[in-house]
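So the sequence lines, in the order shown, correspond to chains A and B. So for the first sequence, our numbering puts the first residue at 1; every next one is plus one. So for the second sequence, our numbering puts the first residue at 1001; every next one is plus one.
Don't read these hints as lab results, they were simulated from the structure. All C-beta atoms, glycine included, are put in the ideal place defined by N, C-alpha and C. Hints are all accurate, no fakes.
Not the full set, but computed from the structure, chain B residues with beta-carbon under 7 Å of chain A: (1) Phe1018; (2) Asn1146; (3) Phe1370.
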Amino acid sequence: MSMFEPYLALEASAGSGKTYALSVRYISLLYLGASPAKILTLTFTNKAAAEMKSRICDVLKELENRSELEAISEQVGLTCKELLERKEEVLEKFLKEDLLISTIDSFFAKILRKFALNAGFMPDFKIETNSLENEVLEKFLRICIQEKKYNSLLKFSINEQKKLSDIFSLLDEFYDKESEFDPKKIQTTLHVNPKQVLSILNELKELFAKEGAKEGVLKTFEAESISEVVKKKYLAKDDLAYWQYKKHVTPQISELFDELKEVLSTYLNEREKYLLGELSELFYIYKYAIRSLNKELSTLSFSDVTNALYTLLEDEISKDFLYFRLDGKIEHILIDEFQDTNIMQYKILAPLMSEIVSGVGASEFKSLFFVGDIKQSIYRFRGGAKELFKHAREEFGVKRDVLDTNYRSAINVVEYVNDIFVHEIKGYERQLVKSKEEGYVEVGFSESIEEMVLQKVTFLLDEGVEAKDIAILTHQNKDAKTLKNVLIQNIKDINVQTEATIKLISVPIVGAIIDLLKYAYFKEELYKQNFLVAIGFDWREKLDMSWLNLNQTPMKMIISIVKRYEIFEDDMDIIKLIELSSRYSDIESFLFECDEFGEDAKSEDNDGVKILTIHKSKGLEFEHVIVADRLGSPRGGGGTLLYEYDDINLVGIYQRVSQREFIDKKYENAKAKEDVLEKEDVLNMHYVAFTRAESSLIVCAKEQKSAFKHLTLEEVRKGSVHVKQKSFASQKVLVSMNQTLESYGTQESTKTLEEDSSEADHFAITYGLAMHFCLEMMSGFNKESLDKAFVCTCNKYRVVLSMSELESIYSRITMLINNEEFLSLVKNGKFYKEQPLVYNGERKQIDLLVEKDDEVIVIDYKSSADVYDSHLAQIGIYKEAMLSIYAKEVSCYLVYLQENDIKLRKS
Amino acid sequence: MTEIFPTSRCVREFYSHFYDKDRLLPKAMGIAEFESKAIVVPHKSLADEDTRVLVMQEASGFENFGELKIDREFLSFIKNSSYLFRFFEELSLENVQIEDLELADTYAQFEEHLSILKELLQRYKTLLNQKKLYDKITLPEVYELNDEFLQSSEGFIFHLEGFLNKFELDLFLKVAQITSFKISLHVTKYNQKMIELFEALEISLHVNHSYVINLSTNTIEQSQVIKSKDINYDVRGFSSRSLQSSFVYEKIAQFVQNGINPENIAVIVPDESFADTLKAFDSFKNLNFAMGESYIHSKLYKKLDAVDKCIRLKDYEHKFRLNRLKIEQSTIDDFQKLWRKKLQADEIISLLKVFCDPQKADEIYDEELFKFSNLLKNLGSIELQQAIKLFLNRLSKKSKDDVMGGKITVMGLLESRGMSYDGVIVVDFSDEFVPKRSQKDMFLSSSIRSHAKLPNKTDRENLQRYFYYRLLENAKEVAISFTKNDQSMGSRFLDELGLHVKVNSDEISYFKPLFSSSKLASRYDPEIVEGSYDVRSGTLSASKLKTILTCKRQFYYKYILKSQEAKVPNDTINEADIGNILHDALHHVLKDMKVVDEDNLMILLRRYLQSEEKSLIWHYHLDIWLDYLKDFAKLEAKRYLEGYRIYSLEKPYTIEHRGFTLEGKIDRIDIKDERFCVIDYKSGKIPKSTIKTLDKETNFQLEFYYLLTNQIKEVQSVYYYDLKKAQLVCENLFEEKLDKLNEIFQELEKPLVNFEKCDSKASCMYCPFVKLCGREV
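So that you can see chain B by itself, here it is in the shape it has in the complex (with noise of 0.2 Å):
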């Protein structure tokens, strides 16, 4: 007799008993095995998934497809479809044609629609008969029993867990002419519906009873009654999801402590995300995984991903992602060359080889690039950047399986089916996720479902309920845990099954087992550094002055810690990029050119501004200030005309001035009839000072400017150079902050000590070290 299991991991199970001594093993399988060894299809091959895609895409290329607004574009066309194949697959293996649909849309709502679908599905089983092949659509019309395997042994019988689906029921019926065929089931309140499936063979089940049914002889051969007990539970509501960890280690080491063993042992994730959540606290690896590690995690998929990334969308983020996983620019100019040509199967796998180690293959990179080239061979030719999507789409459905893992296994619950362990934990177990309800179903309402008798919502969650019954029924200790917040509740289901939170979790003692001790410290937070610096022993710019008027500590940060601000490199921009980027097109402009005309100098700084290869945001800016620098050509034209010539630009000036060292780079000095007229340029507002505001005035740039200068030459003036206005603009109160400026000097005289932070917060809004002080909003 053989035993056919609804996973493999039953049937790993079911040998698991044996190992006591050498023997020769009953045969077991899982029912996919089966299903694969006992049907046959003459002269047709299977088709795999991206050959039905493209096999659908074709077959969708009539007229009136467009009304399902499902886009046909190649990569959308993958997922979109998904829609389309779960939606014929559902009928085939219900044995509903779209007809039985069109009879059960009693008001014909839908009629145009379903005669759409119908087309469809005519002219892609049209298609894949033609190319000699068969999917889980046309399978059931196609097949043919295979005699030769199924009269090899005495004799099967099939664990069925929850429903069985009329294809199925079918297949089974036929192999039982052939051979013994059992099935054996439980039947509970959730899956009521077998009731009536074997009702039409006239075999009466009831509720709570669990029975082997022979098929052969069409005659129950076993039944007994469910005895239904309590369940040994404790039920619990964090207000973190991720708390939920900590509750399954505890419970996981309850269990044990109680005398299960760890191998019996099952953590249930009804989504799947929080397996990672699960694993990243797990510091003393008990937990393997069912679900594996997703091959996205893996070091080709995310190299290959970081370079279809970097290709579409240039930014940052994805040139230091290049960096980090150490691929050339040349392997990047590679791909970026050949994006969107056209290329053949070896073209493309030999580029895909790129980052493969030699050394270590990685086989399930290798099994898809060697499956993937089959593809490819018939595909034909095929843009590269699409070859990419398509493999990546392939690799991220592939995981890895987790080996040498802990004892005690996490799973989602399909992967529970038909198993049974004595601790059954289950996370998650919120309204949200349990039961998880589809929203998938695009073509068919309840109405019509339940008119052309296939399952409905009702059904669908009922099997989630009926594989949570189960788990919970045969465990002899049960956790379950929720999030329980704002945004989440426990599932409605505990309250059907009769179980309550019945104590709360003091959730600061959860914390503990997710990190050990704290130590932190209250934060290091001076009241003053102490040291002493010198003003006279270096130079000192106008900006350095500056910080040392607003803020002692800056100071210190800046130039005696010699601390630099740190940004994330982006893309937006700030007006100080602007201003930066204007001060280097005038430069570049003006220094080369002997003769200032107004179109001239217009056609330079354009062509100077554009060139640049931006952002449009940047070029928007930039066309702006193209705008603003229209004026400042025709007063740059102007100013020459009366005789004004560049004398230096950006350069550095020094000079000792009361024995301070003054330093300086200095955008612009005119001169004039011997005369130098010093410029800097503003592209933001111009700075203003007032009387009152004199004695905590900070910015002493043109002073500095014009100190830096005059003993070169006559200074007729020093101006701020409004760009946007076109303007320069005299500084207002320049000889009361000159002499102010000469009583800081005599202050300054003495050396700085004890650096301690400015009263006002004023100025912390945009210091860089804002942190370092705590004084970040």
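So that you can see chain A by itself, here it is in the shape it has in the complex (with noise of 0.2 Å):
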């Protein structure tokens, strides 16, 4: 009985065996009879979309030895052993398809290379990840003046307050937000003036000062600007009945404050309808922009890719024609990671899920499988939107289950983050333990995370755990460097990797490379002595890059800087500093370009402890983790813009101002909403970090500020340390290169078949082919031969002579064929036309050789006889050579063909 539910909705808590789940599931299906090229697979990185295919690759080839071998069975409804009685065939179905598994990226630029033409783009255009912001900027300025837009934007930019810069984020939102509202529907308004508001400020102070209120009171009614009277404390107070105004108060005050708070929430009210308004006209030469330059560079980056392909299919292309170019429906999809899919991917992505569980006939196998844990959706801040977990579910009725063992951390791990999170986040369900492991976990507090982080560490090397077994979970990117610097600092001989969270041209040997090619090329003498203290010399050393041709490929300098400085030292950025360069042609677009390299040093890999942030670690497992409190204070709150939602519906945009939520019920609301997202953020974040450990988890936390303030933690030791016996046996076998490289020499010369041509005049050249070509066609030297012979020529070449040119080629020929004294030569001979032959191990090409019983006829064409002397040296070999193959008479004859007459030479 196949226990294979067509409709499923898996929620993975963390270490539940998602990745497992998902091959299973793939696995099945192929057994099922779907094909691989029609089932999508989805994943949120390269990385896990590579892993997925390996997986299911190794899973297939051992199938007998794998666990997976049985849930496989049970949910195909096959015994195990006809399972892998069918292997093999499953597998090289599996080999030979194109597969659909990558992230949803690539998917989407996929599908748009398909429509690149009706989106005006190239089919071959690139992704780059480099922004063309300046590009960009030019553009959009451009066309703000052919449209008239210009000084509204002048004006914008200085009533707001924002820099182009700024206003080009808020543009970058709506770029992303476009599936969800519809900027043309936003009215723009007139600017307003904050006159009115100053005035009542004003007012209140007149009226305190009235009171006789002290200057400290009066000041408080003091604002030049909205941005200073939105600080004013008192407007988070009902009323003014506190603090030394107080004994102030007069009903006319009352009434006025009344009347201010009403009139600033009109205001803003006014101020948010224009600055959305301006900025909603803006978005659409901002998008024109974008798109003009996506088609002028034949370049886009993701979010390109993604907003034109919404735009298309939302208004153009109909899903007929989409599958028709996707070369047939997709039966079968698979989503990873489901809570970190964003809204506009997920309105692509529902027309294909909607065509699945559409019910076409039950005959049709289609499923819809989708994964994930909205537990652990911490990617809101780019669009991430957990709630299409749920949403998707109800829209396509599809089942719900939740896998409920946790196979990954030991028994106190899980039991310490059910007791946790069972009260913090909604509908947590606790976790059962799979480990027979104790585990260990702890939690501490302390006024200095750095040292309590140090002391963890050691606390564990001392205990007997390999570094490498060592995982530090930082809140922020600095964080992580910071760890780094403390540890390696203080633990002698220690190891430290981090992840990939430097820039490539930040690697000094990288950035030192860099420097000498802007000597080069600017000659500034600050790139020299760069370069110089770099790689451990004085600045004021001398240094000659006379020797460096600029007009190589960078590739080619870049290779020839390390070799000639020998700076070389087993460094995979360098290596990655060349590969990149290839994609420069010349040394100026790697100049100007090198400073915006996108690319990330390669992450150093040894067997250290690693230190990454909660974000990178998402995914990972560990043995030890050390959860580390948030090192600094965190950042500031939000954008300009606050987004209100209802399940997946965009309902509101509102300008963010700081206390606004004391004066606007509206915005109140939207605040709160937003204040609830921002906690359950947190909470994921640190559910994804605690969830991390596979045996032990140690939580490092400060007493003040802490980050972890949502959690009700206490001080906490529980289990002990277990450490891993070193497995020596699966360490790899590892093949060094041993071999020496030398000279095998060149290629010997080429064995040249024409006389060397030094003459350049293309016409004579092409003039002396297409006559040949017409003389090799000749079956016999009559008309007719030449008349065939003739149409031949000039579909070969009418396209480089012209009609008249390849008639005189006619002219020449027919007086040939009508001269005696050519026609003696090749009488009663047999004949060879454009005949090879090797002689001295070169290979030679006769014109015409003619085989007569008692001699032979080497015969040689000319259009000119300008070059006479070569002409007789080369007739002169092919001489020799016939008297070394034949042992006949051998007769050597130039035959001019001239404009006016044949001329005859034997040599």
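Quick one: dock chain against chain with the hints and give me the complex.
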């Protein structure tokens, strides 16, 4: 009996075997007859996609030994034996077909390529991660001028005190949310003046002055701008009956205070309308500018891809046409990390999903599967919408299932995580423990997180834990750097490995190489000094760069620099730089872009303690985990706009203003929702952090201003540190490169066919070729043959020669076949045209070879008599060759087909 | 018997077996040459690529064509029409009519789409015929056999590799009527399709056999079972793509050591772009490259391309490039003048010859120019910019042969057709490249394809598998590598072939051949720089003092080593650039103004700031500033009425003070009632000092200005002029700072020694010398 559930949403808490479930599902589909090309599997990262592919491959290959076998058998409804019998067939199908396992981004890019022409792109467009900010700005401004929007843009910029780059990041937000609201529907209004607000404030001040309030009190009613007004603390109060105000408040003041709030609220609403209105007008110009550049440069970013695809599917492409270009319907969909999908992505995928669940008849085998964990949703800041999980389930009538057992962590860890989060996260279901190991959990508090982390690392090492089994999770990138330094300075011989958090160009040696190139090019001393210092020389040393040829490709230059200064030290970053440079055709394209290179440096790959941010740790697991509290203070709140959602629907956009929640009900409501979401983000992040641990979890928390303040953490120490037995067996045997290289010489000089023509006269060459071709095509030396051969010649040479030129060839050959002397040469012989031969190990080709009973005649056609000497030499060689091949008389002729006559010369 | 091979490389290889002795050679040719000789088309000539595009563009001039969304604009049509050509050519080669497709499109889902293509094809064919041209698309309909040529040979044998299309089969069958025609081929599981094809001729073939089939007699002349043998292989994954080159060199060395002749080793690059990397690391020049060197690396191409880019995209990069390529501005001007003008062929050709060296001919360029001039003559007049794009596009497809290269050939997969090598090395054997999956099928789906009996995706991929399979099978030793990292894994075809990674590479050892020994020392990072500097020995400005107070090391770099900030010129704008241009504008405008009135001042400022030839982003910033400057103009007019007059602008002052020579260029000094009002313009933030931080204060600009001027005349006040808010702002702790400054002078009577780095890294952020100290973040 098959247990296969065609529409399934799997909630997989951390460590509950999500990847396992995915591959079981995938392989079951194969067994149930699905074609790999029709199973769309979407993952969150390229790495996950690659892992998924090789995992499926591995499981299939070793199916008999894998625990998946049983699970698959259950799903498919076949016995294990039956499965194994069909293994080869299923494997072969999987190996051959084009797989649809990729990230959402690459999948979208793939679709967009198929519709590129519809969108006005070239189908081979490039995908770039580097932003083209300057180019977009320039284009944007140009269109603003053309569209007569430029002046209002200037005013907007001045009124709102926003730099062009600020405006651009707001437009970016609109761009990413375009599927959620229609900027066209936003009405624009005029800019409003805060005069009324300020005058009420002034009136209040005067009233208080009249009541004899002191300077300090009066000062709180002074403001030059709205941004000062909204900071006033009394806005949070219902009335002014507090502090020193209390004794001065009159009914008139109270009334005016209420009016202030009302007027301010109205003002802020109006200003918001102005802001949104202007933005939405600019948005279309912005989008147009991006599209134009996409087209001009044939380059898109991933968000361009998503947006363009969304627009296309929304406006232009019918579903049928989509399937046509996709080459058939997608019959099965598997989506990993579904909680991180954003709404635009979802809206693009939704038609594919609805096609699957639309009941076109039970005969068709289709399925839909998504897996994820809303508790691990930590990408809201870049659009991840965890609400989609529930929404999609309801929209497509998908059954919900839960993976309830934790396979990753030890008993104490699982229980601790259960205890901590069961009260904090709504709908949290306690996980069952699979592990038999006790595990270790410690939570401690300290003033100095750095010190505590150091102490805990030392503790683990002392317990016998290997450095490579320890991971430290931080809140921010820069915390990782700080902690790395702390460990290196304090623990002898420790290796520390941070995940790629620095840019390639920030790697000192990479920067030094680039600086040297800049020195060679721009001749500025500082570049040279930077280079010298980086490779260990005094900055005053001299450096001669005349050896470097700036006309080479950047890749070649970099390689020669690295070789010449011997600065290579098993350094992947240099290799990466070289690979990167291979994309640039010359030094300018490289130098003018190199400061913007977005590539990350290769993460250090050693057996050291790993330090990484919590965000980066998602999806990973480590033996012993130390979660470090935030080292600094949190970043201040939010962007310019606040988006309010109902389920997955965007229901409001507000301008974020401090204290606005106290004077505006709607805003208050939106803000409250936002606060809840922010709190959930933090909880989820900590859930992710705490669930990375397999054996030990150590939390280092601050007493004050802790990032963990949403959790009720108490000092804990439970269980003991378990040290894994060192496994030597798993150590891979590595072979080294041990060949020494040498030169094997160059190719033997290419055996020349044609006489070396130094003449650059292409007309003469082409003309000569056409004539030879015509002569070659003639089977006999008569008009009939010539006419036929001439047709052939015209076919081939009409493109490069004029009709009259071709006709002159015809007339020259006509003279030839009427030339008695020539005809007598070829008479009674067997002839070979363009005959190849070998002489002295060289290949030659003879225009015409006439074999007679007692002699051999070699004929070489010439179209002009210009280079007589070399002709003689050439034919002399032919003669020698013929004498060596034939035991016959040999005579050689140069036959000149000239414009007006035929000349024969015997050599 | 004339031998026909899939490529001319095979022809060369064939001949190479005869070099031992002088003799006449059997005739051999490539399939393309054979076809061009065996076929004639009376009264028509072959259309070249650009002509075809033009005819197609003309053919596409009908209403419904727009539905296909192919831009008809000339330059993009060149690129996009390739999809149309590919489609039509394939139909023609397989002898499939669009009507057949319409029948295959059972649900009539794409009726409209197909009917547009049908109309287009019809119009295209008609136009070609009218122009007395033919091409690959119309060839099957218009060709005749060239009996003259065919009869003059005793017969032909074609060594087929892979698949045969319908057109070729029909041609061969016709030829077989005239003269003897044979085909030799291998049937493997990857080209099983051939079995079907020959079944129609009642010739039955089997997998894993090689055959010689005589089409003239319709018989199998030879048949042999292909014995499968074990492949002697090594498969490796490398974390970085370029490390594969090291593996290639290792394997070459090993193969040679095992007795394989270097000429008999081939390196296959599934993605030809990898050839550049291989070449760059080939220090012993052991490789030669079948794909040659793309013409885009040649001098002439680069120059022409640089001109094109420079005129299209005006920015620094392109200007610098012209400089390096030694292209005169006057040349650019010549092009620029005619850029959008329609020119005649000879005018264009003479411009395209500008960079040619009369002493040294460039054959490819000259040949292309010759062909291009013929095309232009047919085109009539065309815009220079279009002509250049078109010409660059043609050149970019050319490549220079790699002559005098090493003995080991690097080639793409297709180039290896029909060849066999003892040592075969394949790189990039990853899922991405092997097999390469074409996404270029715009007009047909697989189901329509199979209904219409056109080759489908699997067939195409199988063809590649076939080529690999043949190469590997014929080799004595095989080495395969691929990139193995987050983004890339080995091709699943490896599993299919039963090849596995048996050992892993110690990657560090693979670095060695790429770069020999390393002598990298740790950075030069002296704690102190010895030396001493007496501040009184030179002049002292406020900014120099600021540097001394901020960081002694910075002072050393800047004033003793005399190193200067270095930056790649770019168009991004920072506050300082804007500050500078505002200073210039104010100086320029105010210096000639006799009477300051608001409107006039604004007019002049506007004229000055808007006159600069700058990017739009610049103008945006300047326009914003012009708005702020309205208040400034108002204030200026008011001050003028109040009696302030300008005393000096941007004037340098020097003075001796307590043994120091102070100097400074003062933005502006106003005078009223014989008293100075000294002014420093600020476009950004106004510096503020606090009592608390007085000890760490480094900015004494206004105090300097005061000292520089108060001996000339009584100074009423020194101000920062906040240009944004149009306010004159006094230094808040002026007296205190003046005292502090005098204290500092006293300290500075001692010379500066040991230029150490400053303690706080805060000032490193904007220090131009940050890399010298190794303090960059």
